[in-house]
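Chains as they are written, first to last, in our numbering: chain V, 1 to 412; chain W, 1 to 148.
Don't take each hint at face value.
[What the hints assert, rightly or not] Derived CB-CB ranges, DEER-like:
no.	chain 1	residue 1	chain 2	residue 2	range
1	V	Q408	W	I104	41 to 51 angstroms
2	V	D293	W	I104	49 to 59 angstroms
3	W	A6	V	D293	46 to 56 angstroms
4	V	Q408	W	Q92	28 to 38 angstroms
[What the hints assert, rightly or not] So, partial list: chain W residues that the calculated Cβ filter (under 7 angstroms) puts toward chain V:
no.	residue
5	A6
6	R15
7	V17
8	G21
9	K22
10	Y61
11	G62
12	C63
13	G64
14	G79
15	L82
Keep in mind that the hints were calculated from the coordinates and are not lab data. Glycine residues also receive a C-beta, built at the ideal position from the N, C-alpha and C atoms.
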Amino acid sequence: MPDVLRDPERRVQPVYLDYAATTPVDPRVARRMLPYMTQIFGNPASRSHAYGWAADEAVELAREQVASLVNADPREIVWTSGATESNNLALKGAAHFYRSRGNRLVTLATEHKAVLDTMRELERKGFEVTVLPVRPNGLVDLAAFEAALEPGTVLASVMFVNNETGVVQDIAALGALCRARGVLLHVDAAQAAGKVPIDLDTLPVDLMSLSAHKVYGPKGIGALYVRRRPRVHIEAQMHGGGHERGMRSGTLPTHQIVGMGEAFWLARESMRADNERIRAQRDRLWAGLQTIDAVELNGELAHAAPHYLNVSFRYVEGESLLMGMKDIAVSSGSACTSASLEPSYVLRAMGRDDELAHSSIRFSLGRFTTDAEIDFAIAQAARVVGRLRRMSPLWDMAQAGVDFHSIQWAGH
Amino acid sequence: MAYSDAVLDHYENPRNVGAFGKDDEAVGTGMVGAPACGDVMRLQIRVNSEGVIEDARFKTYGCGSAIASSSLVTEWVKGKTLDEAMTIRNTQIAEALALPPVKIHCSILAEDAIKAAVADFRSRRREAGAGSLTTEQPACASGTGGVR
Chain V
1 MPDVLRDPER RVQPVYLDYA ATTPVDPRVA RRMLPYMTQI FGNPASRSHA YGWAADEAVE
61 LAREQVASLV NADPREIVWT SGATESNNLA LKGAAHFYRS RGNRLVTLAT EHKAVLDTMR
121 ELERKGFEVT VLPVRPNGLV DLAAFEAALE PGTVLASVMF VNNETGVVQD IAALGALCRA
181 RGVLLHVDAA QAAGKVPIDL DTLPVDLMSL SAHKVYGPKG IGALYVRRRP RVHIEAQMHG
241 GGHERGMRSG TLPTHQIVGM GEAFWLARES MRADNERIRA QRDRLWAGLQ TIDAVELNGE
301 LAHAAPHYLN VSFRYVEGES LLMGMKDIAV SSGSACTSAS LEPSYVLRAM GRDDELAHSS
361 IRFSLGRFTT DAEIDFAIAQ AARVVGRLRR MSPLWDMAQA GVDFHSIQWA GH
Chain W
1 MAYSDAVLDH YENPRNVGAF GKDDEAVGTG MVGAPACGDV MRLQIRVNSE GVIEDARFKT
61 YGCGSAIASS SLVTEWVKGK TLDEAMTIRN TQIAEALALP PVKIHCSILA EDAIKAAVAD
121 FRSRRREAGA GSLTTEQPAC ASGTGGVR
């Protein structure tokens, strides 16, 4: 935050409530990683000496650790550079491999750009992509999803937990619909792993993207789950050496993989306790924010993972809110905070009008969030919202009972 | 997003926030932007009998750069005649606030707000009563017409 850098007196970093964007590496994970950079640094593919063997051993242990969080077979885990690459690999890899089955793909309007942009690219290459709308609560309608699985549909991609709202899709039901029609299901679980229980033994999911840096692991490493029973095939997108059973070539970054393994292992241990505490903190945050006038929740708490709170503060704009809450790190769905100057497409897909999207703030909680930080966030939000509302012509209109939706604006 | 010191200053210490009395005959009001675009500025000018702007008020719904642009404009119009105020250009605003390219449109909106306020004042004078202001700009939402 510019303020911290600008003011040398200020030693304190802002309170971090942006865990959905990324997480700090857990100190225990960082400690585990270090020896693999300086001491056990061998190339895991070097089969002829102890440096390689030691690195390979660590990689395979990490593979088991990752598999254990999602109840998969270690042989079903393919290392990638992150969930974005996993999404690309899953979608492009499966769409091309199963081209003879058809060329239709299905996804949701609320997916991450890594999925939507990849789908758009596949569309350019001749695939037909259906992007389904969602209901106001963010969930896809099961009947609509089923109807979209027309003959010739090869693959559907649905995110487990949404990164902006925390909405959790009914993957079990969607998977069953896909199975019944011979359609592969890819699930982007970047936000989900470590937050909600995932059991790939029972979930009818064929491909799943995983990310380390959303669950206290390092950035730059992820994995793609590729089901073995029944066998799922993908065409490699990275060639050169045939690593990862030919699915993803490239020297494996041992230290990164060790970090992801350890992070997933810790998540398995602490998920339940973390979630209980985070749920209480989220409820506390929401209760506190609700004391502010004209505040609306985006999404329903019942359908969202407890780590997320996406709130619109009516009549004030998101970027100015962020600027005022300079001691808190959060995100906004406002256009001004995006490179494209478009407001959050996820909120728009949920039927929230543009003004609500511009006024939205996403708070996301994590393992190291404290109650004091929650209280601080509430106080800051109340103060900044109050100040900005006193400066807002829309607030004036609302106070005067004018519905600005009925006004014809000059625009700009 | 790095903010210039000038923008931060106007954000932390906005000048002339508020509104003039609703029935003040010497006031012109310009309202530009749209909630759907994430930017709405209301600029009011109080003009004396010599046609000089003696006071100004603003309220803005928008990002830090939008708030700063409109706050700056209330300072700049004071003491100017209506014609002089109409010569204020967005490029001057953008330069004074060191706005990055992606925020230039905030300065354009502020320039438009001045024009709208002056137009409103003049039309009120002409019609000696309630006037409507029209500003024609490409809309990000829809339509022309405005609100006082």
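Violated constraints from the hint list, given by number and in increasing order
The structure breaks hints 1, 2, 3, 5, 6, 8, 9, 14 and 15; every other hint is satisfied.
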